[in-house]
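K.L.:
Residue numbers (this note's numbering), protein chains in the order written: chain A, 24 to 562; chain B, 108 to 212.
Hints listed in this document are in silico derivations from the structure and should not be mistaken for laboratory results.
Quantities reported herein were computed from a predicted structural model and do not represent experimental measurements.
All C-beta atoms in this analysis are idealised placements derived from N, C-alpha and C, irrespective of residue type, glycine included.
Warning: the hint list may mix true and false statements.
Said to hold, decoys possible - Listed next, with one range per pair, are the computed distances between beta-carbon atoms: (1) B:Gly129 - A:Ala166: 44 to 50 angstroms; (2) A:Val265 - B:Ile204: 44 to 50 angstroms; (3) B:Ala211 - A:Ala275: 46 to 52 angstroms.
Said to hold, decoys possible - Taking beta-carbon pairs under 7 angstroms as the criterion, some of the chain B residues facing chain A (in silico): (4) Ser146; (5) Ala153; (6) Ala158; (7) Pro159; (8) Gln161; (9) Leu164; (10) Thr165; (11) Met167; (12) Val169; (13) Gly170; (14) Ala175; (15) Ala178; (16) Ala183.
To be verified - With the C-beta cut set under 8 angstroms, the calculated list includes, among others, these residues of chain B facing chain A: (17) Leu152; (18) Met168; (19) Phe182.
Here is how the chains run, residue by residue.
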Amino acid sequence: MKHGFRQSMAWLHTWTGLLVGWLLLLIFMGGTASYYKQEISRWMRPELPLAAVDRDVALGSAEHYLREHAGDALSWNITLPDERAQVIEMYWMNPTPPEGASRRAAYGSATVDPRSGEEVAARDTTGGEFLYRLHFDLHYIPAIWARYIVGFCAMFMLVAIITGVITHKKIFKEFFTFRPGKGQRSWLDFHNVSAVLALPYHALITYTGIITLVFMYLPWGLSARYPSDEMRYYDESGNRIVDMREASGTPAPLLPLETLLASARRDLGGAAIENVAVNRPGDSTATVTFSAQPAALSKLAPSVMYDGVHGKLLERSPPPGGASQTYGVLYGLHMAHFADPALRLLFFVCGLLGCLMVASGAVLWAAKERPKHLKAGRIGFGLRLVDALNIGAIAGLPIAFASYFWANRLLPLGIEGRADWEANTFFLAWGAALLAAFVWPKRQMWAWQLYAGAALFGLIPLLNALTTGIHLGVTLPAGLWSLAGVDLVCLALGLCLGVAARRMQRWQPPLSAAQRRARAMAATESTHRPAPVGAGEGA
Amino acid sequence: MSLASAMTDAAALAWYRRPWLGVLSRSLAAIFGGYALASASAVVLALLPVAPSQAVLTGMMVGVLVCACAALWAFAAASAWRAWAGLVVPTLLLFAIAWLQQGAA
Numbered sequence: 024m025k026h027g028f029r030q031s032m033a034w035l036h037t038w039t040g041l042l043v044g045w046l047l048l049l050i051f052m053g054g055t056a057s058y059y060k061q062e063i064s065r066w067m068r069p070e071l072p073l074a075a076v077d078r079d080v081a082l083g084s085a086e087h088y089l090r091e092h093a094g095d096a097l098s099w100n101i102t103l104p105d106e107r108a109q110v111i112e113m114y115w116m117n118p119t120p121p122e123g124a125s126r127r128a129a130y131g132s133a134t135v136d137p138r139s140g141e142e143v144a145a146r147d148t149t150g151g152e153f154l155y156r157l158h159f160d161l162h163y164i165p166a167i168w169a170r171y172i173v174g175f176c177a178m179f180m181l182v183a184i185i186t187g188v189i190t191h192k193k194i195f196k197e198f199f200t201f202r203p204g205k206g207q208r209s210w211l212d213f214h215n216v217s218a219v220l221a222l223p224y225h226a227l228i229t230y231t232g233i234i235t236l237v238f239m240y241l242p243w244g245l246s247a248r249y250p251s252d253e254m255r256y257y258d259e260s261g262n263r264i265v266d267m268r269e270a271s272g273t274p275a276p277l278l279p280l281e282t283l284l285a286s287a288r289r290d291l292g293g294a295a296i297e298n299v300a301v302n303r304p305g306d307s308t309a310t311v312t313f314s315a316q317p318a319a320l321s322k323l324a325p326s327v328m329y330d331g332v333h334g335k336l337l338e339r340s341p342p343p344g345g346a347s348q349t350y351g352v353l354y355g356l357h358m359a360h361f362a363d364p365a366l367r368l369l370f371f372v373c374g375l376l377g378c379l380m381v382a383s384g385a386v387l388w389a390a391k392e393r394p395k396h397l398k399a400g401r402i403g404f405g406l407r408l409v410d411a412l413n414i415g416a417i418a419g420l421p422i423a424f425a426s427y428f429w430a431n432r433l434l435p436l437g438i439e440g441r442a443d444w445e446a447n448t449f450f451l452a453w454g455a456a457l458l459a460a461f462v463w464p465k466r467q468m469w470a471w472q473l474y475a476g477a478a479l480f481g482l483i484p485l486l487n488a489l490t491t492g493i494h495l496g497v498t499l500p501a502g503l504w505s506l507a508g509v510d511l512v513c514l515a516l517g518l519c520l521g522v523a524a525r526r527m528q529r530w531q532p533p534l535s536a537a538q539r540r541a542r543a544m545a546a547t548e549s550t551h552r553p554a555p556v557g558a559g560e561g562a
Numbered sequence: 108m109s110l111a112s113a114m115t116d117a118a119a120l121a122w123y124r125r126p127w128l129g130v131l132s133r134s135l136a137a138i139f140g141g142y143a144l145a146s147a148s149a150v151v152l153a154l155l156p157v158a159p160s161q162a163v164l165t166g167m168m169v170g171v172l173v174c175a176c177a178a179l180w181a182f183a184a185a186s187a188w189r190a191w192a193g194l195v196v197p198t199l200l201l202f203a204i205a206w207l208q209q210g211a212a
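My request is simple: use the sequences and hints to build the entire structure.
P.N.:
In structure tokens, the structure reads:
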């Protein structure tokens with residue numbers, strides 16, 4: 024390639040980073056927001072009650088709901104609420120659907136309020152789930168394509184991270200270097216600082232991100248080793264209990280799930296229970312499987328299965344193998360399900376640094392390219408395109424995210440497909456920002472869009488106070504940090520965007536070295552008489 | 108006549124030496140060659156004589172790293188030809204091993 028290993032790695036770093044940078048920024052922002060998926064979902068359903076819920080009560084409500092609405096289902100699956108999510112998510116498999124019905128008709132699902140035992144009486148919204156899905160399913164396109172696209176981008180990102188480290192021969196020295204107010208060099212330093220500060224995080228989150236969907240990306244080993252029965256692989260690698268019993272057709276009453284819950288807690292060593300799965304409810308062969316909440320880094324957690332009629336312990340999940348444990352930890356590290364509030368905040372900040380790293384890298388490309396174009400007297404197509412995409416992505420995406428929250432508060436509650444319209448608002452806002460950026464990719468456009476993002480984010484606490492009863496005036500005194508946190512983070516993001524916008528508006532191009540020398544010379548000449556050349560030498 | 112053919116040869120050679128062609132070739136090597144090498148490694152590891160699910164998982168987790176390193180190789184190699192050779196030869200070797208493994212199993 025170009026002379027030398029490091030140069031070719033620098034080249035590869037530049038191009039792998041730039042080509043997927045804008046989509047990566049969307050993926051990074053969606054992922055960063057997803058650390059607070061539950062909190063965002065709660066914030067976006069302001070109608071829900073504020074009190075915390077008890078899991079035993081929740082399981083009772085879930086069972087009651089399912090017996091009433093899905094009594095003839097083939098199976099039930101219940102995810103219990105925890106400190107962060109106050110609703111019960113459940114789905115069930117309907118008895119054999121009529122001929123020609125879609126696969127979707129085979130399943131039913133509900134989000135239930137544990138206190139009332141009825142479907143949540145809240146506005147129609149996808150909540151934090153939209154941002155989480157955006158992170159790897161994108162939107163408007165089939166999820167399967169999206170996951171391949173996102174995986175491709177993530178692979179580029181992994182290559183960009185490795186080559187980025189190779190490119191920086193003085194990585195630790197450069198880590199402490201920041202030269203503000205010097206144009207391209209400042210962007211380089213900023214890119215280095217945001218990248219190196221959280222480098223272990225960036226490398227980890229990119230690799231583990233690919234790992235979460237790796238069975239889609241590299242399925243060839245799987246099909247070579249399990250040629251006829253791929254489902255068996257998922258059972259074995261996921262340490263699942265496999266329930267192959269056939270329905271007897273003899274009805275028998277299912278034990279109350281609460282009784283079994285107590286046994287499950289005991290048999291799982293006192294672990295908190297996260298998920299309950301009932302197979303063949305109402306049949307004499309019914310089984311109930313309880314899965315513990317993952318307690319450590321790994322997302323793998325033990326489970327136990329009981330006879331649903333007599334309550335006898337039937338099976339325990341097998342101990343996981345070494346590779347499964349490794350995979351469980353890698354997966355867990357990506358999802359950060361184990362993080363307590365402080366660690367979760369650290370993950371969130373690292374995610375934001377990741378956004379800044381991707382953004383500053385793309386800006387750096389344009390800053391490096393610009394002098395060549397200025398010398399040639401006109402801005403070429405490539406630079407104009409990058410400028411527009413930079414503005415539309417870096418300054419435009421915050422507008423889109425904030426608009427999503429505004430839509431949640433302002434769209435009328437009764438309209439058809441309200442949740443879809445919240446998502447559409449996200450893309451309409453982003454589309455408008457991109458369009459404006461393409462029409463006029465200039466510095467003022469940066470400032471305007473950053474100001475727009477700042478105003479939209481910064482005013483969210485006010486909007487919340489005007490439209491709901493869960494504003495800061497209520498949530499702060501009550502110590503409801505998960506709700507107050509959403510408002511406070513939005514406010515902080517608004518302030519940061521405002522500072523960025525102001526700097527962008529007031530920015531002056533830095534003087535070149537020659538201009539600085541000329542200016543310094545002029546200043547010296549006006550105050551002193553210039554000393555004769557060589558006067559001080561040899562003294 | 109010979110002069111004309113020499114000139115076309117020279118033109119063809121110059122065309123083959125265009126830098127963008129090398130970049131394109133290396134990019135294709137990195138993307139497709141890298142993926143082929145990663146797949147081959149994943150298959151060989153998946154067929155190791157240990158618990159099947161653990162072998163398959165190990166293959167997937169290592170395969171991703173192989174893919175990343177292969178992309179670096181494609182751009183670090185001295186020429187585009189070497190880049191391709193360095194990916195195609197080990198891929199074929201690994202697939203041959205996988206074929207033998209499957210025959211033995």
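K.L.:
Decide, hint by hint, whether the structure agrees.
P.N.:
Right, here's what the structure says about each hint:
1. B:Gly129 - A:Ala166: 44 to 50 angstroms: violated (37 angstroms)
2. A:Val265 - B:Ile204: 44 to 50 angstroms: violated (32 angstroms)
3. B:Ala211 - A:Ala275: 46 to 52 angstroms: holds (49 angstroms)
4. Ser146: Ser146 (chain B) check passes; min Cβ-Cβ to chain A is 5 angstroms, inside 7 angstroms.
5. Ala153: This hint holds: Ala153 (chain B) lies near chain A, its Cβ roughly 3 angstroms from the closest one there, short of 7 angstroms.
6. Ala158: Hint holds; Ala158 (chain B) Cβ to chain A Cβ min 6 angstroms, cut 7 angstroms.
7. Pro159: holds (5 angstroms)
8. Gln161: holds (4 angstroms)
9. Leu164: Since the shortest Cβ distance to chain A is 4 angstroms, the answer is holds.
10. Thr165: Holds, about 5 angstroms.
11. Met167: holds (4 angstroms)
12. Val169: Violated, about 10 angstroms.
13. Gly170: At 5 angstroms from the nearest chain A Cβ, Gly170 (chain B) passes the 7 angstroms test, so the hint holds.
14. Ala175: Where the cut-off is 7 angstroms and the nearest Cβ of chain A is about 5 angstroms from Ala175 (chain B), the hint holds.
15. Ala178: Constraint on Ala178 (chain B) satisfied, holds at 5 angstroms.
16. Ala183: holds (6 angstroms)
17. Leu152: holds (7 angstroms)
18. Met168: holds (6 angstroms)
19. Phe182: holds (5 angstroms)
When held up to the earlier numbered hints, the structure conflicts with 1, 2 and 12 and fits the remainder.
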